[in-house]
Each structure stands twice: as C-alpha cells, then as structure tokens.
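Heads up: the protein sequence lines correspond to chains C and A, in order.
Numbered continuously in this note's numbering, the first sequence closes out at residue 478.
Numbered continuously in this note's numbering, the second sequence closes out at residue 347.
Don't read these hints as lab results, they were simulated from the structure.
You may find that some hints are simply not true.
Residues from chain A shown here face chain C by an in silico Cβ test under 10 Å; the list is partial [as the list claims (entries may be wrong)]:
(1) F65
(2) T74
(3) R97
(4) A149
(5) G316
(6) P330
Computed from a predicted structure; not experimentally measured.
Cβ atoms here follow ideal geometry from the backbone N, Cα and C, with glycine treated the same way.
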Amino acid sequence: MIVGETLTGLATMAAVNPVPWARSQMAFTLGFHIILVPLGVSWAFMVLIANYRALRKDDRAALVLAQRWSKYMAITFAVGAVTGTVLSFEFGLLWPRFMGIWGEAFGIPFAFEGLFFFTEAIFVAIYIFGWRRLKPWTHFWTGVPIALAGVFGSVSVVAANAWMNAPSGFTANAQGEIIDVDPLAVIFNDAMPLQAAHMVVAAYLVGGFLIASVYAVGMLRGRVDRYHKLGFTIPFTVAAVATPIQIGVGDTLARWVYDNQPVKFAAIELVPTTSSDVPETLLGHLNEDGTVTGGIPIPGMASWLSDPGTGRSTVIQGLDSVPADTRPTVLEANVVHLAWDVMVGLGSLLLLLAVWYGAVWLFRRRMPAGKWFLRVAACSGVLAVVTMEAGWVLTEVGRQPWIVYNLMKVEAAATGNTGVWITFIAVIVLYLALGVTTIMVLRSMSRRFRRAGGFLDMETPYGPAEKPEPAKAAESEP
Amino acid sequence: MSTAVAAVLLVALATYAVFGGADFGAGFWDLIAGGPERGAAPRGLIERSIGPVWEANHVWLIFIFVVTWSAFPTTYQSITLTMFVPLTIAALGIVLRGASFAFRKSVVTVRVRRVFGGAFALSSVLVPFCFGAIAGGIASGRVPAGGVAGDPVGSWLNPTSLVTGGLAVVLAAYLAAVYLVWDARRAGDTALAGYFRRRAVVSAVVAAIVAVIGFVVLSASAPYVFGRLTSWALPPVVLSVLAGFGALVLLVRDAARGARVLAVVAVACIIFSWGVAQWPYLLPESLTVSAAAAPTGTLIALLVAVGGAVLIVLPGFVLLYVLDQRRLLPEEGVEDPADRAGDTEPG
Numbered sequence: 001m002i003v004g005e006t007l008t009g010l011a012t013m014a015a016v017n018p019v020p021w022a023r024s025q026m027a028f029t030l031g032f033h034i035i036l037v038p039l040g041v042s043w044a045f046m047v048l049i050a051n052y053r054a055l056r057k058d059d060r061a062a063l064v065l066a067q068r069w070s071k072y073m074a075i076t077f078a079v080g081a082v083t084g085t086v087l088s089f090e091f092g093l094l095w096p097r098f099m100g101i102w103g104e105a106f107g108i109p110f111a112f113e114g115l116f117f118f119t120e121a122i123f124v125a126i127y128i129f130g131w132r133r134l135k136p137w138t139h140f141w142t143g144v145p146i147a148l149a150g151v152f153g154s155v156s157v158v159a160a161n162a163w164m165n166a167p168s169g170f171t172a173n174a175q176g177e178i179i180d181v182d183p184l185a186v187i188f189n190d191a192m193p194l195q196a197a198h199m200v201v202a203a204y205l206v207g208g209f210l211i212a213s214v215y216a217v218g219m220l221r222g223r224v225d226r227y228h229k230l231g232f233t234i235p236f237t238v239a240a241v242a243t244p245i246q247i248g249v250g251d252t253l254a255r256w257v258y259d260n261q262p263v264k265f266a267a268i269e270l271v272p273t274t275s276s277d278v279p280e281t282l283l284g285h286l287n288e289d290g291t292v293t294g295g296i297p298i299p300g301m302a303s304w305l306s307d308p309g310t311g312r313s314t315v316i317q318g319l320d321s322v323p324a325d326t327r328p329t330v331l332e333a334n335v336v337h338l339a340w341d342v343m344v345g346l347g348s349l350l351l352l353l354a355v356w357y358g359a360v361w362l363f364r365r366r367m368p369a370g371k372w373f374l375r376v377a378a379c380s381g382v383l384a385v386v387t388m389e390a391g392w393v394l395t396e397v398g399r400q401p402w403i404v405y406n407l408m409k410v411e412a413a414a415t416g417n418t419g420v421w422i423t424f425i426a427v428i429v430l431y432l433a434l435g436v437t438t439i440m441v442l443r444s445m446s447r448r449f450r451r452a453g454g455f456l457d458m459e460t461p462y463g464p465a466e467k468p469e470p471a472k473a474a475e476s477e478p
Numbered sequence: 001m002s003t004a005v006a007a008v009l010l011v012a013l014a015t016y017a018v019f020g021g022a023d024f025g026a027g028f029w030d031l032i033a034g035g036p037e038r039g040a041a042p043r044g045l046i047e048r049s050i051g052p053v054w055e056a057n058h059v060w061l062i063f064i065f066v067v068t069w070s071a072f073p074t075t076y077q078s079i080t081l082t083m084f085v086p087l088t089i090a091a092l093g094i095v096l097r098g099a100s101f102a103f104r105k106s107v108v109t110v111r112v113r114r115v116f117g118g119a120f121a122l123s124s125v126l127v128p129f130c131f132g133a134i135a136g137g138i139a140s141g142r143v144p145a146g147g148v149a150g151d152p153v154g155s156w157l158n159p160t161s162l163v164t165g166g167l168a169v170v171l172a173a174y175l176a177a178v179y180l181v182w183d184a185r186r187a188g189d190t191a192l193a194g195y196f197r198r199r200a201v202v203s204a205v206v207a208a209i210v211a212v213i214g215f216v217v218l219s220a221s222a223p224y225v226f227g228r229l230t231s232w233a234l235p236p237v238v239l240s241v242l243a244g245f246g247a248l249v250l251l252v253r254d255a256a257r258g259a260r261v262l263a264v265v266a267v268a269c270i271i272f273s274w275g276v277a278q279w280p281y282l283l284p285e286s287l288t289v290s291a292a293a294a295p296t297g298t299l300i301a302l303l304v305a306v307g308g309a310v311l312i313v314l315p316g317f318v319l320l321y322v323l324d325q326r327r328l329l330p331e332e333g334v335e336d337p338a339d340r341a342g343d344t345e346p347g
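Excised from the complex, chain C in its bound form (with noise of 0.2 Å):
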C-alpha cells in the first residue's frame, strides 16, 4: 500500500510540463557545447602554424608549443566529441515530434557534419599519437585534414540550424507530412551561407582570443619568455585578423534577419510597432503595454543601418505586426535584444583590441608593450565566449515561438515526456563537474608542463624512431 502510494506520489510530483524543462536543457547542452566549438574547430590551425614554424625555421619553442598544445586539444577534443554526442540524443529525446516530422529535411546536413566529424576524429588521433614515430612533415600533414573537416563540419551542423530559421527544400502534402525532399535546397537554405560564415569565423575568434588569453596571463605573471609570446602571438594573430571579418560578416547577417526574418529583427531592435526612423536603443527594455524604456537611443541609427540607402526613413517592421502567439514574448524580446547589445558592445571592443595589435605590429613591427594591453588581452577570452553566446541566444531566442520558422512551433515539437525535468537536473550536474574537471585537469597539465621548466632542457624533438619498445604495460601507473 504504502509502497503503491509513494510510487503515485512521486509520478505525481515527476508530471511537470517538459516544454520549459526541455527549452533549458537543450538551452544548457547547447550553450556549454558551443564554448568547446571553437576549440575543436580553430585550435588545429594554430598548431599547425606553430609546427609549421617549427620545422620551417627549426624553432624548439614553437614545436613544445605545438607538441603541448595537442595534448591539451586532446582533452578539449574528448569533452567536445561526448558533449556533441549528447546533443545528438537529445534531438530525440527532448524534440521526438520534431524529428519525426521534420528528420528527412533537418537530419541532412548531420549525414555529412557525420563525415567530417569522423574525418577529424581519425586524423586528430593520428596526429596526437604520431608525434614520436611518423617523419616530422607526414606528421605535419596528418594534422591539416583536421582543421579542413573542422570548418566544414561545423558548416554542415550550422546548415541544419540555418534551415530552422529558412525552412526550405521540401514538399507537404494536405495532411503536412513531407512527400518530397530536395537536399540540396536542404543544406544551401537560404540562411546558412551567412550563418555558417558568422559561425566559422566566430570559431577562429573565440579560438584565437581564448588561447591568447592564457598566455597574456603568463606574461604578467612575469614568465615572457619566447613560449610564451608565441604562444600569445600566434593565436592573437588569429583573432585579430578573424574580429573586422566577423563584424562584416555580422553585419551582412542582420541585413539578411531584417529582409527574412523581420519579427526577430524587431526584436533585436526593440521596435514594437512598424515605424520608420527607429533609434538603435543601446541597452533598455520593453515593457507589456509595447513602450520602450530607459537605454540610451541614437535617433534613426536603426533604421539607417538597416538600409543605408534609405537611410532614416528606411521602415522597420514591428513585433505587432504579426500575432502576439507568432513573436517573440516581452521577456523573450529583451532578452534578445539585451543578448545583441552584448555581443555588438562586445564585439566592437574586440575590434578595438585587435586594432591596437594590428597598428602596433603594422609600425613598429613588434606586439603592442605594457601591462594595459596584456591586462586587456587576459579578458579577451572570456569577453570572446560571452559575445559568442549572446550571438548564439539571440538567433534561438529570437526565432521563438518557432522551431522550424513559420511552419512549427516549440510546444508541438517537444516530448510528452513529463520527467524530463529530472534529467535537466541530473545533466545539470553532470555538466558543471565536466566543465570544473576540464578546468582543473587542464591546469594541472600547465602546471606541470612548468614545473618541468620551460622547453630548453628537452630532448631531441621529432627524434630518431625509436624501436618498439617491449612490455611497458606498467609504466602508466606511476
């Protein structure tokens, strides 16, 4: 009896409504995912460059930094590939509805992100495990399928993203169900060229900006030494060239949003009904009865970026202009807009950081001196992971109520399941101990690459091959 009792109980308290409960989690997995994306995608380059430098120029610091650098991208690899994983199950698990009618458009371009994902799977193994025993150059060479399967990978996945924002590529019969699929107009929708790019190059920036990050630290911790500054300059390079391309590509991006996607576009701008000379409001918000308050509003900026060729008399549509269950709700609205004022407001100091180093490599040929640059440069990375996860929030946020633009909303496409609640919870958990663990194991790594003194005292790199060596089983454990 009691026993029956407790289990009705607790199947009571387990039947919350999973729409939100979903909403988060996948919100969450995304979010902590998309922080490893540029890791995986990007950091294959600046090994590559610094392994080129290396047996180019005969630099041992530059091959330690390469060398050091695939090991720590071995355990960024790793969280990435199981994180990446777990999204692939939660498609199903958290959208069945969604996958069930939509899988034979939305699940193309995963087919060929599958691809390129395997292809850098196999060559990041080879080229992590090959150091010792395969020529310096074949090695070298081993390590470039992994940052051409890196950009196309994410590519194909932005693809699929892209699609939800510009369904297209597909035939409905009366019932809804799709008769017909043309994959091509599938993976080439009308919203992943711009996307793809803005995400591409946001890998190579965050990338860039994170990595350099750390060694900025170094420096002021007063290790400046050629590690270190290598290990700064290469990836910073990367960024700094990555950061005006992405604020054009972006810029290019919301063109697209204000001609296609015109209610997220009002929601980026805060535009609550259909006007001409809207202000860019910088921060503000709007409130239930469709006012706009507080923020410092530059008069007409909006409109005029919108369409420079009408300049401020270019018309903006508004949130009421369609349905108040077909747009975005208020909450929804500021967060987007407060997400868009971050990642411009971030973005443009980004440029500003890189434009320094660019002015200071151009004339004096050297990186910018001084503590106030390396204090700058230490938060770049976290300044660069937060502008891109306000980019991301406001291409999910800004695209609600829908799922597939226009055609599904979110509510139709998650599962009935009502404990999904707890596994939002247990993931939760999983996640934060996965995120502190990546942390410290990574430090430890530095630590003791330090402790062991720099790069000087190293043995032969790339040296002669060595004979297998026998029974070694036990060596592991030390």
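Once you've looked at the hints, dock chain A against the given chain C.
For chain A alone, coordinates are given in the frame of chain C:
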C-alpha cells in the same frame, strides 16, 4: 532505395558493435582488474589499445543516429519516446566514459586516476547494456509504430531486453579480451596475453550461454524474430556459431591473430542475423522498412554521404588502424620532461 539505406544502417550497427563495442568491453575489464597495483598492467594495456581509436569508433554511433532520424524519422520518434530512460542513461554514460577516459590519461596521481578510472569503467558497462536492452525491446515488438510512446519501463525492462542487454555487455567484453590478447602479444607481454586469453575464453563461453538463453527467451517473447532466426536468417546465425567456435579453438591453441578475425565475424553475424530476421520490418510486425522510409531525396542524400564516407573516411580509418597496429601511434605527444618529473600535486 530504402533497402540500401537499411543495409547501410545494419552495417553501421555491426561496425559500431565490433569497434565501439570492444572499447566498452575494455572498460569492463578495466572495472574488474582489481586494485591499483594488481590492475596496473591490464589497465595500462587497455589505455594504450583504445587511446588512439575510441573517438573515431564512437562516431559510428552518431552515424547510426543520423541515418535513423533522417531515413526513418517517425520510427526514430517512436524509439526516442519509448526508450527515453535507457537512451538518457546511455547519453550520460557516454559523457562520463569519454571524459573520464580522456582525463584519466592526463592526470598522474593515483587517487584521481582511480576516480576517473571508476567512472570510465562503470559507464563502459552501463552503456552497452542500455543499447542491448533497446535492441531487445525493438526486436520483441515493444516499440509502437507511428511516432508514439510505448511502455516507458516495460519496453526495456523485460526478459528479452535483460538478455540482449546482458549479451551486449558480454559480447563487448569478449571482443575486447580477444583484441587485448593480440595487443599484449604485439607488445611482447606474454603474461598479459595469457591474462586476457583466459578472460577471452571465459567470456566466449558465457556469451554462448547467454546467447542460448536469449534464443529461449526470444522464442516466447518475439515469435516473429525467433521464427525468422531459425529459418530465413539461419545462415548468419550458423556462421556466427561456427566463427565463435573457431575463435574459441584458436584462443585455446593460442593463435591470437586468427581468433581476432573470427571473433569479429561472430559478433558481426549476430547483428546481421538480428537485422535479417527483422526484415522486411523496421519495427517487427508493425512497420516495414519501405513504409517507414523518408522521401527519395533524403535517401539519396544519405547514400551520397555514405559514398563520401567510403571515399574520405574509410581510407582515414584504415590508415588510423594500420598506423596503430604498426605501433606508429605509441603515445600522446612526445616524451615531455614534465611527464618524468614526479608529480605529487592533486590534479
């Protein structure tokens, strides 16, 4: 066209079973290898064997997901709705396993290594059990067609699923042991080769017993699949039995290399016999493969991706395994003075 995609799916499942399965099995042996000192030798071998390959092996799983949700979306919907619990456990287990394996390699202190090692080993057993149980649930018709949820508990906690889940764990352990015999032999460690050889033989016998129990259970719970296994799908079953028996003989006679090939055949044939026995059904007796299939455009795209995989991924995969087998991928990075310096700091 849907037949071709179903065949691709079956091949991917079999490949995941023989490559990814062995990685899970290695985790099983890691789990029961004993205390830090006694288990050091086998754990070291396990770590070096699966270190370079586990991530690539793991991608087969993602490929299986992608093919299922693209080619058979409503079936994917039914499976994820019905099998919510075991899939969730498997997903969390995969995170725990992959991350703790990667972390374990990078920390040096024994205490921390043990924590990660435990998480790695435990989830290595949990995940194949869940996958096996899901397969059993599907084979015994417990997943309804039409994108609806079946019994959330009974679909994977039932006699069939318990047996198939157990079989998955045992087969994974068996494969791993057979591979590790060969790896130990190549490393010139006779003692360790003998260690895994005994375990391979024991797990082969256990696998045979579980398989026989499975047959009995299937005859009652999944009459369609059972009937087909004993008729139309009999050839792969027979081949599996013969290969398994041959592998056992070779193991006893200490011919590790041949045993490895036969063990792969035996396990792959079990997966094939499951697929062939279900044919033409994707979900036995309620949904056929052709009825479940997505529009032609999607199927073509998937086959193109498979063609791309054959052109791009297969050579890479072969290269990885050849390099690994030739011991050209000995360890991560180079020997760093840092690794030699005694490390006492807790990670």
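Here is what the structure says about each hint:
1. F65: Result: holds, 5 Å to nearest chain C Cβ.
2. T74: Where the cut-off is 10 Å and the nearest Cβ of chain C is about 5 Å from T74(A), the hint holds.
3. R97: This interface hint holds because 8 Å falls under the 10 Å limit.
4. A149: The hint holds - A149(A) has a Cβ within 10 Å of chain C, the shortest such distance being about 7 Å.
5. G316: Where the cut-off is 10 Å and the nearest Cβ of chain C is about 4 Å from G316(A), the hint holds.
6. P330: Holds - the Cβ of P330(A) comes within 10 Å of chain C, reaching about 6 Å at its closest.
Violation of the numbered hints given earlier is absent; every hint is satisfied by the structure.
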